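If you're matching them up, the sequences are chains C and P in order.
Just so you know, we're using the working numbering here: the first sequence kicks off at 107 and counts up by one.
Just so you know, we're using the working numbering here: the second sequence kicks off at 107 and counts up by one.
Calculated from the structure, these hints are not laboratory results.
It cannot be assumed that every hint is accurate.
A pair holds if it fits inside one copy or across any two, identical chains being indistinguishable in the list.
[Stated by the list, open to error] Derived DSSO-like pairs (lysine-lysine); straight-line CA-CA distance at most 30 Å: (1) 136 / 484; (2) 193 / 317; (3) 317 / 194; (4) 136 / 194; (5) 135 / 193; (6) 248 / 289; (7) 248 / 425; (8) 431 / 306; (9) 135 / 255; (10) 317 / 431; (11) 193 / 306; (12) 136 / 193; (13) 306 / 135; (14) 255 / 136; (15) 248 / 431; (16) 289 / 306.
Quick caveat, the model's predicted, so the values are computed rather than measured.
Number of protein chains: 2
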Amino acid sequence: MVGEQITTLVLYEISVMLIFAVLGYMLSKKTGQPVSVGIIFIGVLLGPSVFGLLSYNETIAIIARIGSIILLFLAGLSVDYSSIYNKKALLVGIVGGLLPFAGGAVITAAFGFDLITSIFVGATLTATCLGITSALLREMGKMNTETAKLMLGAAVVDDVVGLLVLSVVSAAPSFAFMPLITKISLAIIFLVTISFFGIKLVPRIVDVFDKNFGIVSGHLTFTFGMGIVFGFSYIAEAIGLAAILGAFLAGVCLSNTLYSRFFHHGGEYLEAVFTSMFFIAIGIVVELTAIVTSFWLIVALSAVAIATKLFGCGFAARKCGMNRKDSLIVGVGMAPRGEVAFIIALFGLSIGVISREIYSSIVFVSFITTVITLVALKRLYGK
Amino acid sequence: MVGEQITTLVLYEISVMLIFAVLGYMLSKKTGQPVSVGIIFIGVLLGPSVFGLLSYNETIAIIARIGSIILLFLAGLSVDYSSIYNKKALLVGIVGGLLPFAGGAVITAAFGFDLITSIFVGATLTATCLGITSALLREMGKMNTETAKLMLGAAVVDDVVGLLVLSVVSAAPSFAFMPLITKISLAIIFLVTISFFGIKLVPRIVDVFDKNFGIVSGHLTFTFGMGIVFGFSYIAEAIGLAAILGAFLAGVCLSNTLYSRFFHHGGEYLEAVFTSMFFIAIGIVVELTAIVTSFWLIVALSAVAIATKLFGCGFAARKCGMNRKDSLIVGVGMAPRGEVAFIIALFGLSIGVISREIYSSIVFVSFITTVITLVALKRLYGK
């Protein structure tokens with residue numbers, strides 16, 4: 107049986123994570139930084155490298171896992187098809203996803219790390235985190251411009267690119283017993299099944315269920331939906347894809363249900379609790395000393411992270427007929443990295459392909475890209 | 107670092123628990139049984155004693171723990187002072203709480219079990235679970251009768267009695283190093299502090315916080331509130347009280363905030379997910395063979411559980427001036443045992459003071475009391 111000590115510790119950890127996440131949120135608001143940066147910073151302070159109030163263990167790993175699944179589920183739920191299914195967003199997203207992946211991998215290899223580590227670091231640089239960019243655009247009333255819509259669409263595309271890259275990469279160390287051909291076939295079957303059948307079948311099943319049982323207790327449909335989200339995540343991981351890709355696709359499927367706003371409501375409450383703890387968990391694992399020991403790696407990765415998005419996305423936008431300034435805005439606006447980078451880094455750490463030092467460097471790179479974007483974008487719009 | 111295998115298993119467990127909980131819910135509705143009975147039954151089927159799709163481990167223990175805290179938090183949040191702070195409810199609740207406690211303990215001891223086990227079993231019989239009774243009353247349009255209000259008030263009172271009994275009982279095996287006098291002093295300080303200061307101070311802090319930060323992102327207040335709930339649970343357990351007593355008291359405090367409906371909304375979404383898994387977890391641990399091996403214990407405990415509530419609550423109601431039939435309805439309506447019994451039983455199991463056989467017997471006793479109440483109450487109202 108499971109002892110009392112463990113569960114008492116869980117209560118301590120959850121309460122500390124939640125209350126300090128709120129503190130991190132307040133700190134972000136006071137300093138004008140993105141919420142994730144504030145909460146992760148508090149997480150670093152709580153972790154063993156400063157005050158040692160919390161340390162990373164199985165419970166926190168499980169909570170962070172749940173948090174990342176809820177994050178990607180909500181991302182999938184909010185996908186607006188019309189904004190993705192256009193050539194511009196696809197081009198900007200794919201070029202702007204693959205270039206940082208390649209650049210990140212090459213730079214990491216140049217620092218002497220082995221192939222799998224380099225590829226993993228490259229994967230963390232793939233996906234844009236539009237949090238800070240969209241907050242700025244909203245503030246300035248620019249959310250309905252063509253530039254903003256292009257970035258939103260492209261960000262979804264590079265999320266998917268990032269998840270696919272992660273899936274291919276993470277299949278390498280694990281599931282080594284499964285022949286590559288089986289793995290790829292399974293992945294294709296899964297993706298095709300969901301894209302062609304799941305996207306129509308899942309909403310229909312959920313709607314029929316909701317009609318028959320949801321009325322009695324509305325929350326039951328939510329329970330069912332979350333079962334599907336975790337089910338898709340499990341299947342994705344079991345066949346060697348990324349669990350969060352499964353969660354994302356489940357979100358996309360559930361966005362087509364009649365009462366998808368219900369999933370939004372519930373998902374946001376779960377997010378309020380689990381994503382806060384997820385960011386704290388990200389911070390706990392950071393080693394502050396990495397700033398010194400991996401100084402040049404952090405500098406080089408940050409430069410590559412920004413340059414590849416700036417040129418990749420900017421160039422693609424220009425190719426699509428945007429003017430010089432708008433293309434520059436797209437290039438700068440797409441530079442920040444966030445949740446997906448953290449999730450991939452934490453996953454890489456947990457399966458042992460990247461060290462705590464590299465993990466910490468990636469978190470710092472994410473901070474740097476965010477802060478630089480914040481300053482640069484304000485200037486670009488200020489002109 | 108925490109390996110990938112564990113977290114893949116977590117995804118499997120969560121998805122199976124959620125989807126099968128939904129199945130349990132559907133089963134309950136089809137057969138007219140309470141939801142908890144249906145989901146626990148499915149949990150038994152999933153567990154090692156039948157299909158073996160799930161087995162109780164640390165992850166499931168943590169999830170069940172979170173579920174029980176959310177349950178009691180919501181119970182506290184829904185407390186209506188005016189219905190408790192009257193002599194009738196207090197009398198019916200206290201007599202109807204202590205009598206089953208004493209009866210359960212004596213009967214268990216009579217079966218040859220040791221003192222601590224007997225006291226624990228007694229504690230599981232203390233608290234009424236009004237779920238099925240209130241569902242029936244609602245269905246019959248009797249929710250606004252004096253009888254119904256008395257039962258609702260008394261059920262809250264016997265919940266508190268149950269939690270206090272559990273606190274005293276569970277302090278015995280753990281924290282043995284702490285002198286009894288320190289333990290009791292700490293418990294009194296905690297309860298007095300919350301009853302006199304917390305109940306006014308906590309809502310004021312949360313409201314000030316909500317005014318300053320909640321508006322920017324409403325869900326943040328919810329995160330803060332959940333931090334308080336887990337914080338109170340941790341403090342309660344750390345000083346030797348029951349964690350769920352802390353969660354209950356946090357709920358009572360938060361019910362006095364300006365936007366308490368916000369906590370209701372969010373709490374119910376968390377409940378939809380975690381309570382379903384909690385009931386599945388309760389089922390997993392049940393050993394079906396206990397029906398045979400502990401047959402007479404189950405019969406005796408069920409008889410005591412029903413008789414003590416029937417006479418205890420019924421007699422107290424009669425003393426308060428109720429007529430014969432209404433007193434009988436109160437006595438019968440208060441007989442079902444549910445969530446609190448499960449939580450105490452699972453806790454007793456986890457700290458090793460009751461065996462899996464006794465644990466299973468308690469779950470069966472809860473089923474029996476519920477089904478008998480269902481039949482008896484329908485007849486009483488049918489007349």
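Tested hints:
In this assembly of identical chains, residue 136 and residue 484 lie within 30 Å of each other by CA distance solely inside one copy; the values are 18 Å within and 60 Å between copies. Proximity of residue 193 to residue 317 under the C-alpha cut-off of 30 Å is found in neither arrangement, the shortest distances being 38 Å within a copy and 45 Å between copies. Proximity of residue 317 to residue 194 under the C-alpha cut-off of 30 Å is found in neither arrangement, the shortest distances being 39 Å within a copy and 42 Å between copies. Taking the closest pair of Cα atoms, residue 136 and residue 194 never come within 30 Å of each other, the shortest separation being 37 Å inside a single copy and 52 Å across copies.
Taking the shortest alpha-carbon separations for residue 135 and residue 193, neither the intra-copy value of 37 Å nor the inter-copy value of 49 Å comes in at or below 30 Å. Taking the shortest Cα distances, residue 248 and residue 289 never come within 30 Å of each other, neither inside one copy (44 Å) nor across copies (60 Å). Proximity of residue 248 and residue 425 under a CA criterion of 30 Å is satisfied intra-copy only: 22 Å inside one chain copy versus 71 Å between copies. Proximity of residue 431 and residue 306 under a CA criterion of 30 Å is satisfied in neither setting, with 40 Å inside one chain copy and 56 Å between copies.
For the identical chains of this complex, residue 135 and residue 255 are intra-copy neighbours only, at 26 Å inside a copy versus 46 Å across copies, given an alpha-carbon limit of 30 Å. In this assembly of identical chains, the alpha carbons of residue 317 and residue 431 never lie at most 30 Å apart, being 50 Å within a copy and 40 Å across copies at closest. When the C-alpha separation of residue 193 and residue 306 is checked against a cutoff of 30 Å, the pair qualifies only within one copy, where the shortest distance is 24 Å, while the shortest distance between copies is 58 Å. Within a single copy, residue 136 and residue 193 get their C-alpha atoms no closer than 40 Å, and across copies no closer than 50 Å, so neither meets the 30 Å cut-off.
Proximity of residue 306 to residue 135 under the C-alpha cut-off of 30 Å is restricted to the inter-copy arrangement: shortest distance 27 Å between copies versus 41 Å within a copy. Only within a single protomer do residue 255 and residue 136 lie at most 30 Å apart by alpha-carbon distance; the minimum there is 29 Å, versus 48 Å between protomers. Only within a single protomer do residue 248 and residue 431 lie at most 30 Å apart by alpha-carbon distance; the minimum there is 14 Å, versus 69 Å between protomers. Taking the shortest alpha-carbon separations for residue 289 and residue 306, only the intra-copy value of 25 Å comes in at or below 30 Å, while the best inter-copy value is 59 Å.
Violated hints for the displayed structure, listed by number in ascending order: 2, 3, 4, 5, 6, 8, 10 and 12.
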